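Enquirer: As they're listed, the protein sequences go chains A and B. Residue 1 is where the first sequence starts when you use my numbering, and the numbers rise one by one after that. Residue 1 is where the second sequence starts when you use my numbering, and the numbers rise one by one after that.
Everything labelled a hint here was simulated from the structure, so no lab data went into it. In this text, all values refer to a predicted model and were calculated from it rather than measured experimentally. Think of the CB as a built atom: it goes at the ideal place given N, C-alpha and C, for glycine as much as any other residue. One thing to keep in mind: the hints can contain errors.
[Stated by the list, open to error] Cβ-Cβ distance ranges computed for the label pairs, FRET-style:
hint, chain 1, residue 1, chain 2, residue 2, range
1, B, Ser403, A, Val331, 21 to 31 Å
2, A, Val119, B, Asp312, 36 to 46 Å
3, A, Phe335, B, Met158, 25 to 35 Å
4, B, Glu386, A, Phe37, 22 to 32 Å
5, B, Ala191, A, Lys134, 51 to 61 Å
6, A, Phe335, B, Asn345, 39 to 49 Å
7, A, Leu19, B, Asp140, 42 to 52 Å
8, B, Thr323, A, Gln171, 53 to 63 Å
9, B, Ala393, A, Met140, 49 to 59 Å
10, A, Leu19, B, Gly239, 52 to 62 Å
11, A, Asn263, B, Gln383, 43 to 53 Å
[Unchecked claim] No more than 30 Å apart at the CA atoms, straight line, and that leaves these computed lysine-lysine pairs for BS3-like:
hint, chain 1, residue 1, chain 2, residue 2
12, B, Lys400, A, Lys9
13, B, Lys370, A, Lys283
14, A, Lys340, B, Lys400
15, A, Lys340, A, Lys8
16, B, Lys317, B, Lys121
17, B, Lys334, B, Lys268
18, B, Lys344, A, Lys134
19, B, Lys317, A, Lys228
20, B, Lys334, B, Lys365
21, B, Lys333, B, Lys344
22, B, Lys391, A, Lys9
23, B, Lys321, A, Lys228
24, A, Lys134, B, Lys274
25, A, Lys283, B, Lys333
26, B, Lys284, A, Lys201
27, B, Lys185, B, Lys121
28, B, Lys317, B, Lys442
29, B, Lys317, B, Lys284
30, B, Lys49, B, Lys161
31, B, Lys334, B, Lys321
32, B, Lys370, B, Lys310
33, A, Lys134, B, Lys324
34, A, Lys134, B, Lys161
35, B, Lys49, A, Lys134
36, A, Lys283, B, Lys121
37, B, Lys274, B, Lys437
38, B, Lys321, B, Lys437
Each chain, written out:
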Amino acid sequence: MNNKGILKKITGNHLFFPLVCLLVVLLINVIKTPDFFSISINNGVLYGYIIDVINRGSELVILALGMTLVTAASGGQDISVGAVMAVAGAICCQILSGGETSVSELQNPMLIAMLAALVVAGLCGAFNGFLVAKLHIQPMVATLILYTAGRGIAQLITKGQITYVRVESYQVLGGYIPGIPIPTPIFVAIAAIVVIALLFKFTTLGLYIESVGINSNASRLVGLNSTKIKFIAYIICGLLAGAAGLVSSSRIYSADANNIGLNLEMDAILAVALGGNLLSGGKFSLAGSVIGAYTIQALTTTLYAMNVSADQLPVYKAIVVIVIVTLQSEVFRSFVKRMKIKNTKAANTVLPNKGV
Amino acid sequence: MQETVLTMHGICKSFPGVKALDHVDFALQQGEIHALMGENGAGKSTLIKVLTGVYTIDSGEIQIQDQAIVNRSPQEAQDNGISTVYQEISLCPNLTVAENLFLGREPRKLGMIDWKTMNKKAGELLGSLNISVSPVQQLDDCSIAVQQMIAIARAVDMQCKVLILDEPTSSLDDEEVEKLFKLMKHLKEQAVGIIFVTHFLDQVYEVCDRITVLRNGELVGEYLVSELPRVQLVAKMMGKEFDDLADIKSDADKGKTQEAEPFIAAEKLGCTGKVKPFNVNLFKGEVVGLTGLLGSGRSELVRTIYGADKPDSGTLKIDGKETKINAPIDAMKKGMAYLPEDRKNDGIIADLSVRENIIIALQAKRGLTKPMSRKEMEEFADQYIELLQVKTASRETPIKSLSGGNQQKVVIGRWLLTNPEYLILDEPTRGIDVGTKTEIQKLVLKLAKEGMSVTFISSEIEEMLRTCSRMIVMRDGQKVGELDADELTQDTIMHTIAGGESGHE
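The following block holds chain A by itself, in its conformation from the complex:
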């Protein structure tokens, strides 16, 4: 009885399923690649599959945080985040290079470049937010504008070139801080999580976002400004996309408008869904989305480890996603429940006969 109660409490938790998914993916990894969890130190930094998953997953985690807020508040997704990453990367690199195609010395202070990139990313978010919250355009349609135009804007900024910033200090964000064996992106992801968590602790934004996402009419009548709240959610999403863009750009110490954050928006949406969040808005769980993001990254890394080429990757990903999403769906769950009841009923009817 008691055990059952605890079990129910655990399985009933909203993070239970996302965690199970993550564990299953990790388990498959261990079976396929026995040294998956082994960590070694080479050249003073940590190496290993698991480190790679956490490191490479950083951008996705950062994006998933913003995507979760946008989804919860507006019941729709921001599909422009990948393009906004490219824009942020382009702005930063262009300022650092002072307009040159390739530099080996910073032309402007890094702080200014990064802040400018974040401001522009925030403006992109504000643009999306304006369309969605003020003009009531469907989120998918509104963000489609920057989804298609964003990379073009990034190209314009870099004048159609790939701007290289071959300076070691610029590679820190996407690489390693001298003397510290843990990759910097991991710290950035943690910082993003902490900032958002603090934001929710010291403001009521979390409650407001849920309230507006669940019932926008009732929220207005209790004095909430749903336009403002949705707008804020999109700005935060834009800022986070900017931060992810800086990490991505720093990894390759360049602004590659065509490849930074490519297809990452879909992974971010998927992370939100895998985290057990409804894509139609309302109550949300940031922890779920973070777990979802790492699950996807683990999956990607697994497939690479299994020598699946980058072109075929989406196919395998799609198969796994179909399985996971099916397992999470209400229809499937109630089907399982019905089967269970049927089985216990069958067992019950059999038992008395045995007695006879």
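Keeping the supplied structure of chain A fixed, place chain B upon it in accordance with the hints.
Expert: For chain B alone, coordinates are given in the frame of chain A:
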């Protein structure tokens, strides 16, 4: 003299827990306009839906020209000659008028749509009904009234014998209503039987020949319009025999000396399309009732004061100071609280917990950067769960899993927590059990005694008489009267609601 085109006999329809229709009879003559009247929940819409095949009947019989029919779907009802035009127009706005008229039964030539014939036939049809619109115009570009008429034209062209108009006038202005009535009279001459569902008494008396009144799923009676005075009609709808109305007086302190300065003073406040400009003075320590039939503008009046619908004319003074209210938050900051009529869509935030639902208004009032501590929230939640005797498993239970009455208590608690000086309760007792109803009424009286100004809206006259010390009467989006304590009897109220021959000012 006239042939009966439709007879419904002994119609019963139950939903889980409710008897929506209980042995209802209905008869429609050829070439008459027959009003179907009744307050909310009387069974009007159920009767219409049974007739149009949306619901199947439990028992009873439907006959069209003495031939028994069974409608299992709206399509089948249409084949049987029953067409419906709903309040919400169910046409395709992106198609032309002609396309809408012939959708699904387009004239064809060699398997292709014969546009020429279609447009020509559409033109003829519109011409015969005196609807002045081009067949090739896109429906979008037509006014709501014309769209409504096109929907009717479509129904007429499908050889309908019975045409149901479900609140067709609620989104039309006076001139458009006039046009629609002309069309209805035209159809009447062509021997179509029209069932007209509306909340507007004036319109009933303008176009209808006969009235059938329903109440609580039962038939009250069928009357000739010329033989049923307005007051009688209102009495029948509300379930009071006009003659033996008892003069119930409330126990509340009535005729309380009113302060010189009203707390809320609205002057010519109005919101176009919702409520016509009105003057209202509301004092502290009194419960003012707002009455009128459904759709008379009583909710719209309070929504305008509260800023839920932004007023576009007139001024509002709160505590003597002129105030501009742009959104509910402004009203809240001035000490107002509003419990909306539609609990499910405007009241509860379904997936949030009881605790969050209770504190949300106060939290919104305090602002984004001043979150309450968890402990504070829990204390507030417990306090109001206790005070209002909310039956919930815990304060963390999602509000959607509570019963209607308990959800309502939570929403009331939400507003009491903001410590308002002016509380608006729009149908706070609808759909909740009798015990809770009395509790809420007692609470209202107690709050007023403590100095709060309360506006109370209810469809139940008795409830209003028990709680209110003054009443404002609404009709057709307009304030038509105000009744003081000594005038508060059922018959004066009903006279005022009915208006017409014996307006009471």
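Enquirer: If a hint holds in the structure, say so; if it doesn't, say that too.
Expert: For each hint, the structure was consulted:
no. : hint                            : result
1   : Ser403/B - Val331/A: 21 to 31 Å : holds (28 Å)
2   : Val119/A - Asp312/B: 36 to 46 Å : holds (39 Å)
3   : Phe335/A - Met158/B: 25 to 35 Å : violated (43 Å)
4   : Glu386/B - Phe37/A: 22 to 32 Å  : violated (52 Å)
5   : Ala191/B - Lys134/A: 51 to 61 Å : holds (53 Å)
6   : Phe335/A - Asn345/B: 39 to 49 Å : violated (31 Å)
7   : Leu19/A - Asp140/B: 42 to 52 Å  : holds (51 Å)
8   : Thr323/B - Gln171/A: 53 to 63 Å : holds (59 Å)
9   : Ala393/B - Met140/A: 49 to 59 Å : violated (38 Å)
10  : Leu19/A - Gly239/B: 52 to 62 Å  : holds (58 Å)
11  : Asn263/A - Gln383/B: 43 to 53 Å : holds (51 Å)
12  : Lys400/B - Lys9/A               : holds (21 Å)
13  : Lys370/B - Lys283/A             : holds (21 Å)
14  : Lys340/A - Lys400/B             : holds (27 Å)
15  : Lys340/A - Lys8/A               : holds (15 Å)
16  : Lys317/B - Lys121/B             : violated (58 Å)
17  : Lys334/B - Lys268/B             : holds (20 Å)
18  : Lys344/B - Lys134/A             : holds (25 Å)
19  : Lys317/B - Lys228/A             : holds (28 Å)
20  : Lys334/B - Lys365/B             : holds (10 Å)
21  : Lys333/B - Lys344/B             : holds (24 Å)
22  : Lys391/B - Lys9/A               : holds (23 Å)
23  : Lys321/B - Lys228/A             : holds (28 Å)
24  : Lys134/A - Lys274/B             : holds (23 Å)
25  : Lys283/A - Lys333/B             : holds (27 Å)
26  : Lys284/B - Lys201/A             : violated (39 Å)
27  : Lys185/B - Lys121/B             : holds (22 Å)
28  : Lys317/B - Lys442/B             : holds (29 Å)
29  : Lys317/B - Lys284/B             : holds (14 Å)
30  : Lys49/B - Lys161/B              : holds (17 Å)
31  : Lys334/B - Lys321/B             : holds (11 Å)
32  : Lys370/B - Lys310/B             : holds (27 Å)
33  : Lys134/A - Lys324/B             : holds (22 Å)
34  : Lys134/A - Lys161/B             : violated (47 Å)
35  : Lys49/B - Lys134/A              : violated (38 Å)
36  : Lys283/A - Lys121/B             : violated (54 Å)
37  : Lys274/B - Lys437/B             : holds (29 Å)
38  : Lys321/B - Lys437/B             : violated (35 Å)
Violation of the numbered hints given earlier is confined to hints 3, 4, 6, 9, 16, 26, 34, 35, 36 and 38; the remaining hints are satisfied by the structure.
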